[in-house]
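S.K.: Model the full structure from these sequences, guided by the hints.
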Amino acid sequence: MTRSSTTRLLAIVVLLGLVAAPGIARAHAEREAFFPDGTGTVPKYRPMIADRHLVVCRPESARKIEKIENDRLRNDNQELLKECRFHNVQDAVNAVKHKNTTIYMLPGVYREKLNRKQPKCGDKLEESGPDEGAPILSYKQQLRCKHHQNLIGIFGNDNPNDDVRECNAVVCGLQLEGTGEDTGDVLITGGFNKKGNFAKLNGIRADRADGAYFKNFTIELFEFNALYILETDGFVIDDVTARYNDEYGFLTFAVDHGVYKNCNGYNNGDSLIYPGSASDVNNGNEDYTQTERWAIEIYGCKSHHNALGYSGTAGDSVYVHDNEFFANQSGMVTDSIFPGHPGLPQNHGWYTDNLIYSNNTNYTEDNVQSGKCDVPPAERGYKPAKGEPRTSGIVCPVVPAPVGAGMVIAGGNWNLIETNKVWDNWRAGFMLFTVPAAIREETDPEKAFDTSHFNKYFGNFMSLTPGGETDLNGLDFWWDDQGEGNCWQENDAPEGGVTSNTLYPLGLPDCDSGGSLLLPINPIKSALIAACATYDRNDATFRDPPGCDFFDTPAEP
2 MTRSSTTRLL AIVVLLGLVA APGIARAHAE REAFFPDGTG TVPKYRPMIA DRHLVVCRPE
62 SARKIEKIEN DRLRNDNQEL LKECRFHNVQ DAVNAVKHKN TTIYMLPGVY REKLNRKQPK
122 CGDKLEESGP DEGAPILSYK QQLRCKHHQN LIGIFGNDNP NDDVRECNAV VCGLQLEGTG
182 EDTGDVLITG GFNKKGNFAK LNGIRADRAD GAYFKNFTIE LFEFNALYIL ETDGFVIDDV
242 TARYNDEYGF LTFAVDHGVY KNCNGYNNGD SLIYPGSASD VNNGNEDYTQ TERWAIEIYG
302 CKSHHNALGY SGTAGDSVYV HDNEFFANQS GMVTDSIFPG HPGLPQNHGW YTDNLIYSNN
362 TNYTEDNVQS GKCDVPPAER GYKPAKGEPR TSGIVCPVVP APVGAGMVIA GGNWNLIETN
422 KVWDNWRAGF MLFTVPAAIR EETDPEKAFD TSHFNKYFGN FMSLTPGGET DLNGLDFWWD
482 DQGEGNCWQE NDAPEGGVTS NTLYPLGLPD CDSGGSLLLP INPIKSALIA ACATYDRNDA
542 TFRDPPGCDF FDTPAEP
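Under our numbering, think of the first position of the sequence shown as 2, with each following residue one higher.
Keep in mind that the hints were calculated from the coordinates and are not lab data. Just so it is clear, the structure is predicted and the values come from calculations on it, not from any experiment. Accuracy of the hints is not assured; some may be wrong.
Stated by the list, open to error - Listed next, with one range per pair, are the computed distances between beta-carbon atoms:
#1 E447 / P558: 39 to 47 Å
#2 E84 / D493: 51 to 59 Å
#3 D38 / L518: 37 to 45 Å
#4 P48 / D92: 36 to 44 Å
#5 E447 / G185: 24 to 32 Å
#6 P547 / N198: 25 to 33 Å
#7 D323 / N76: 49 to 57 Å
#8 E293 / N539: 53 to 61 Å
#9 T40 / N263: 25 to 33 Å
#10 T471 / E380: 25 to 33 Å
#11 Q119 / L504: 36 to 44 Å
To be verified - Taking lysine-lysine pairs in the DSS-like style, the calculated list, with each CA pair at most 25 Å apart, reads:
#12 K125 / K196
#13 K141 / K121
#14 K262 / K45
#15 K118 / K196
#16 K118 / K384
#17 K45 / K195
#18 K118 / K141
#19 K125 / K98
#20 K98 / K83
From the three backbone atoms N, C-alpha and C, an ideal C-beta is built for every residue, glycine too.
M.R.: Written out as structure tokens, the structure reads:
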């Protein structure tokens, strides 16, 4: 280690020591997971009515089908209703006999009553769980006791070895599709048990379920994830809405060949969209373009009224374009903060042509610090009462989301952020700061400061609406002045140019000159980040960490 890096490491240690705390806030806890081998493909949609299919319906399905305005769609639903043999989605999943089967969910509300209670098989499962008590189970345990944590379980490895990821079951290639006119016609709902706690940790768990395709339904009211895809090579989330979940809407982890498209969601306590630990296919590529492909593509989604619109620890090799992130506490965050995520540190995201605006909603102050989130889950008000705005459900942020931030890179490398439209974010349009490797429990001294380097902000439209009107961000660019090769060029802004907090004498480094140089750590900026990283919504002190202003609503510029 060089003398300068030793000095930087000591400075960080001192800064972290200034904010004594129970520990850095944790992301989700899960079993040790492994990337797929990359031999899969993105599954193709099988149009209605697919040859090989099963049908699920509810008592209200016939009545709802009569109200479908589109003649062809109504007729298709009526034909499918004649074939209905199942009233619970899991029963249909269990009845699949062949790969590449489609399950049609006719309009109605699916509560899966048979699977809501804790099964007896869960009594003997070893609990080695995360801070809030949910057990971490191996794949074998999940397969053996599908509904201990999950309302609906899709498990693709019939003969599992926990160190070998494969999909060999008949549910591989499963398509789960709602048949209504829009996502609201088919609802999968979790809710609460008699004790007032969440009935299930996860809504749908697709584990080692290569080729899974999810389309045209709404899913809500789960403690961890509404739709959870793990160790899967090839999946699509297409026109699905996730809402009113304590943590995540859509969470994919250790996956490859994935697509999120035309998704929607709100009132999630972490993020709607979480492509964490996407397959690290571009690792080592010293360029902004992919070597072969992206692991995950996300487009056409609207994420709003969440703690975070988008988040992704080790969100590697992602192509995120043509989405809207608005009215969240923070619009987008990708990071290298939390340990236990394959693919750290985060690298090679391409974020382009997104609309990122008005992310100023202060859920932490309104709900966590006020004590509204202290009551049992059933009493918090996750789902608004009838007649209330649909986005007015309570959000209890799990992570330290800075109020008023458009997009945050908290430790990431080789990200290309270009031609986005970013306005009316009262703290900053973009934030970039380094995260020492010790935070993620990396002990190799050579990696002590391996973020944030070579991030390129090019051609973004700052503090300007799509119509060309001025609507200021607090700052256009907030940067801790750290990292090598970070650069900003051809970003447009109202008269006067882009605004930033950089201490570089000539302003933000441009790309033609090679970008930023490694500089001594800025103790003031770094102390702020260290303080905010200790956030804990369940701790009376650290739900408002001393020295942290992330949860103070910035003044409107």
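S.K.: Which numbered hints turn out to be false for this structure?
M.R.: Hints 4, 5, 7, 8, 10, 11, 17 and 19 contradicted; others consistent.
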